Every structure is written in C-alpha cells, then in structure tokens.
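J.: Each chain, letter by letter, is given below.
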Amino acid sequence: MTFRGRVALVTGASSGIGLLAAKRLAAQGALVAAVDLSLEGLAPALEHSPNVHAYAADVTDQGAVNDVVARITSEHGGIDRLVSAAGICLPGLLQDQAVDDISRVMDVNYGGTVRMVKAVLDGMIERSRGDIVLIASLAGWVPSYRMGAYGASKFAVVAFGEVLSHELVGTGLRTVVVCPPPVDTPMLAGINAADPRALEGLPGIEAREVLDSAEAALERGELFAFPGPKTRQAVRSRRLTPELLWRRLSRVENGPARQPRHGAPPA
Amino acid sequence: MATYEVLGSQVSTPVEIRDARSWFSTFAVPLESARDLISYSGLEPSPMMGKRALVSLGFVRYVDGDLGPYHEVVVAVIVSAPGNAAEKKKSGETGAFIHQLPVNQPFTCAAGRDIWGFPKFVTDIEIDEGVHRDTGTLKIDGELALRISIAHGVPTRLPDTSLAAYSCGDGVLRRTEWRLDGEGSRGRPGGVKIELGNNAFADELRVLGFPRRALMSGSMRRVRMTFGDAEIVDLKPASNPDPSESIVGAN
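Sequences listed follow chains A and B, in order. Going by this note's numbering, the first sequence opens with residue 32, and the numbers climb by one from there. Going by this note's numbering, the second sequence opens with residue 566, and the numbers climb by one from there.
Calculated from the structure, these hints are not laboratory results. All of these numbers come straight from a predicted model, not from anything done at the bench. Possibly wrong hints are sitting among the right ones.
Some chain A residues flagged as far from chain B (calculated, every beta-carbon gap over 10 Å) [stated by the list, open to error]:
| hint | residue |
| --- | --- |
| 1 | Leu51 |
| 2 | His79 |
| 3 | Pro227 |
| 4 | Glu246 |
Dumping the calculated DMTMM-like pairs for lysine to aspartate or glutamate here, alpha-carbon to alpha-carbon at most 25 Å [claimed, not checked]:
| hint | chain 1 | residue 1 | chain 2 | residue 2 |
| --- | --- | --- | --- | --- |
| 5 | A | Lys261 | A | Glu240 |
| 6 | B | Lys616 | B | Glu796 |
| 7 | A | Lys149 | B | Glu748 |
| 8 | A | Lys261 | B | Glu769 |
Stretch by stretch, here's where chain A covers chain B in the computed footprint (C-beta under 8 Å, at least three residues) [what the hints assert, rightly or not]:
| hint | region |
| --- | --- |
| 9 | 616-623 |
| 10 | 632-645 |
Glycine residues also receive a C-beta, built at the ideal position from the N, C-alpha and C atoms.
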C-alpha cells in the first residue's frame, strides 16, 4: 500500500513502537503527524525527515486531543491512518498500588485510545477510508502478577478494538489490534527497572516485528496481530488452561500452589 | 572527517545508518551492454566468465540513520577498480558503480548528491512485504519504471562487507568507502521477477538484456552501514607515472 500523500497520526511517537511507526510511515512517503506529550521529546522523530511534523498533546485531555486532530486535519488534510501507541506501564502488585496510579494507567492506555479513535473516526467514515492501528499487548489477553493495572487497560483496548472493528464492517475502514509480548523499548527498560519481577527480565522482541505483523494483519484483513514466536500459544493456554497458567505464575512469584479455581473453563 | 550543510542541517561523515532493511538481486548481463551503460563514468565493468558483467538491482528501506527515513532503489554495476589494476586486485577490493539511486525523500536526496555525488532523485517508491515475496516498485511521474519482486530465500550468513561505491555526478568520478553488516540474511539462486515500465529509466535497463533468471537474490532484515567521505578519482593515470597521485583525496 502506498502512503505517498497520505496523512498518518501516530501517538506516543517520542520513543519505542510509536517512534518506529512514525519513521516507517515517513519512509513510505506519508505525511506523519507525530504526537506526544512534549515537542522536545519528539525530536528523534523529526530528524532529517521533512514529512514528519510534531504536535504536543496529552491523550488524557479530551480538549487537547480534539484540538490536535483539528489542527492536523486543517494543516495537512484528513487522517488516513491512526497509530495509537501512547501508553504507560506502572508495574507492581495491585494491593500495593494507589488507586490514582491504577486509574492513570487506564486513562492513558485505554482512555487515550478511545479519545484518539473517537476524534478521527467521523472523518474516516466520511471519507470511507482509514486504518486504525491500536497497540494493545499480550497483557491484554494474559494477565499476570505485577501487571494488573497495565493488563486491565490492555484488556479494555482489546475489547474496544474488537467491537469497533465489527461495527465498522462495510465502512471501508480497517482496524487492527496489535498484541505483542514484551518489546525492546524504553518502556520495557522502565518496567524492568521499576519492578524486575514483573516481567522477570524477559528479553523483548523488536519493535520492527510488531509493526511488520500489524501491517501483515491489515493486508490480510485480520483483526488481531500477535507478533513474536510464542504469542498465540500464550493466548491459547490462557483461554484453555487458565488455572495451569496461574499455578506457573505463582511458582515464579513464590506464592502457594493452591490458586483460586476459575469455575467452568471457557470453551 | 568532514561536516556538510544539507538543507539547513549538519551532516557529518562517516554517515551512519543504524537500521535498514534491504533486498538485492544480481544478474549476469552481456559485458558490452553494461560497458555502454556506464561508459560515461570511464569505469570498466568487472568481467565475469569472459563476456558477462554483474548488474545489481535492489531496494532499501532506511528506518533509522543520519539521513532520516526513506526508501531507495539501487541500480549498480560491479566494476574493476580503476588505477593500478594489479595492485587493486591484490587488495581484493570490489567496486560497485552506482548508476541510478532514486529515493523518496528530499533530505537524503540533497545529502546524497552534495556529499557523494550519488545520482539520487526524488520519486515514488513503494515496498510491499508479502508472505512469499517482497516487492519494490519504482514509479516515475506516476508511471511504473521498475518493479523488483524477490522471493524469501533461505537463511544464509553474509560476511561483513566493505566496498568501494563509485558515483559519477556532474561528470566527476568519486569513490566512497561503504561498510555494511547486518543480521537476518536470506538468499537463494534466482528468485527474482523484474517488471519494466515504458519510460526512459526502464528502457535503459531493458537494453541491458537481463537474463530470465538472476544469479542470486536475497534480503537482510537488519542492515547497518557507514559511508565515508567521497574522494575524487582521476582516471588519467597513463599520463601520470606516479600512481599515488592517480587518486586525489578531496572534500
């Protein structure tokens, strides 16, 4: 698919998956609106790339989101692709975490996705064209210790994206919900520094794999992308044998072997 | 090394490419036609099996590097090192003459032309990564010029390479040290489909006489490169008995 002359909006474009997405879209000739909290942070996305433009907006602020989308649309035209990659992760046990922290993760990861999608959706539907790429996570399918707040926010993104894509059938829009395992980004480094037990220092896959799988899923018309070697397998084991999964997680956490029953297993 | 002013920002050599993805194919074409194609440079194609020359067609997606993100298509001819041939042969230096180098972004175009005299121009380049093949499509003025479709080969190991890249912008022959290494190489014999359009760019390649089958093709998932300074090459060593002055460093 050619992106020459098309407009892409990437949130979280300062670093990690968002930064790479902005660069790849720019390489493809798209006009890229790179959005993040501060203009200074967006410098790496702008480097020697005349078709990347920086916009500062906080995705938790509905007014700011509406304003930035209006500005981008008036300066460059209707948005053809949204890559929603803005996200934070505050690892830790739910019993220790403050309500504000848990809510904040939800507000950025899920709320930010909802606000951005809603801000661009009407324009896309009007023009019968647009790609919505939501960066969710494997944590949106497989919950685990110390990743409760993050997992909840990504479960929400997965559900939102799934319902949205079904609502949008026949509009000409495409939706993909990308569910990677840990990815080698500044966020992963931050998680490992803040709580080394959260992901057990797992090495991340490369951000490029995440974007390759998103692109492939869009081309094939698939709703979910599961990049990484064992990602689908992990989703399957959570669905079919959740109690087994938690027993394993509990061993890592040095918790008791006896774990709550999940009731009738989801078929 | 040196610093250059390109479109209002500073670029220092050696220029680094930290992350790119590249695809290449190599064809053995008639020596005569390759010689005609690059005669303007004064360089000689490196002969292979007597009457053949190697022409390389490729495309690259640059993601993270000093020249920004862009796509590029490469048309190169493998050439014999100019100057004291015997001496160069001993050093085992391979040279690639860059005949065409379209890109899809203005910054890299300006940098490539100013710093190295590379024949860059801005046009439309698409790269599609498919399930079995990856395809690079070059369009000029909206019309297809060249489509290169490369099959996914089998994993291979390529050694780290250092080549001399030659260019001939504005009639000046330049030589640039080009280092390349990376991970995730794949390759196979053949495996290439070429489609040429109906314009000058395509016609020039058409008369080269591509064989049906490529010698080999492949890709590299993660490429790192560095480009040094260009040195101007003076191709009149016959009138100059001192070979050390046959290559004059510049810039």
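J.: Next, verify each hint and record whether it holds.
T.: Outcome of the hint check:
| no. | hint | result |
| --- | --- | --- |
| 1 | Leu51 | 7 Å, violated |
| 2 | His79 | 3 Å, violated |
| 3 | Pro227 | 28 Å, holds |
| 4 | Glu246 | 7 Å, violated |
| 5 | Lys261(A) with Glu240(A) | 13 Å, holds |
| 6 | Lys616(B) with Glu796(B) | 30 Å, violated |
| 7 | Lys149(A) with Glu748(B) | 40 Å, violated |
| 8 | Lys261(A) with Glu769(B) | 48 Å, violated |
| 9 | 616-623 | violated (count 0) |
| 10 | 632-645 | holds (count 5) |
In terms of the numbered hints stated before, the structure departs from hints 1, 2, 4, 6, 7, 8 and 9, listed from lowest to highest.
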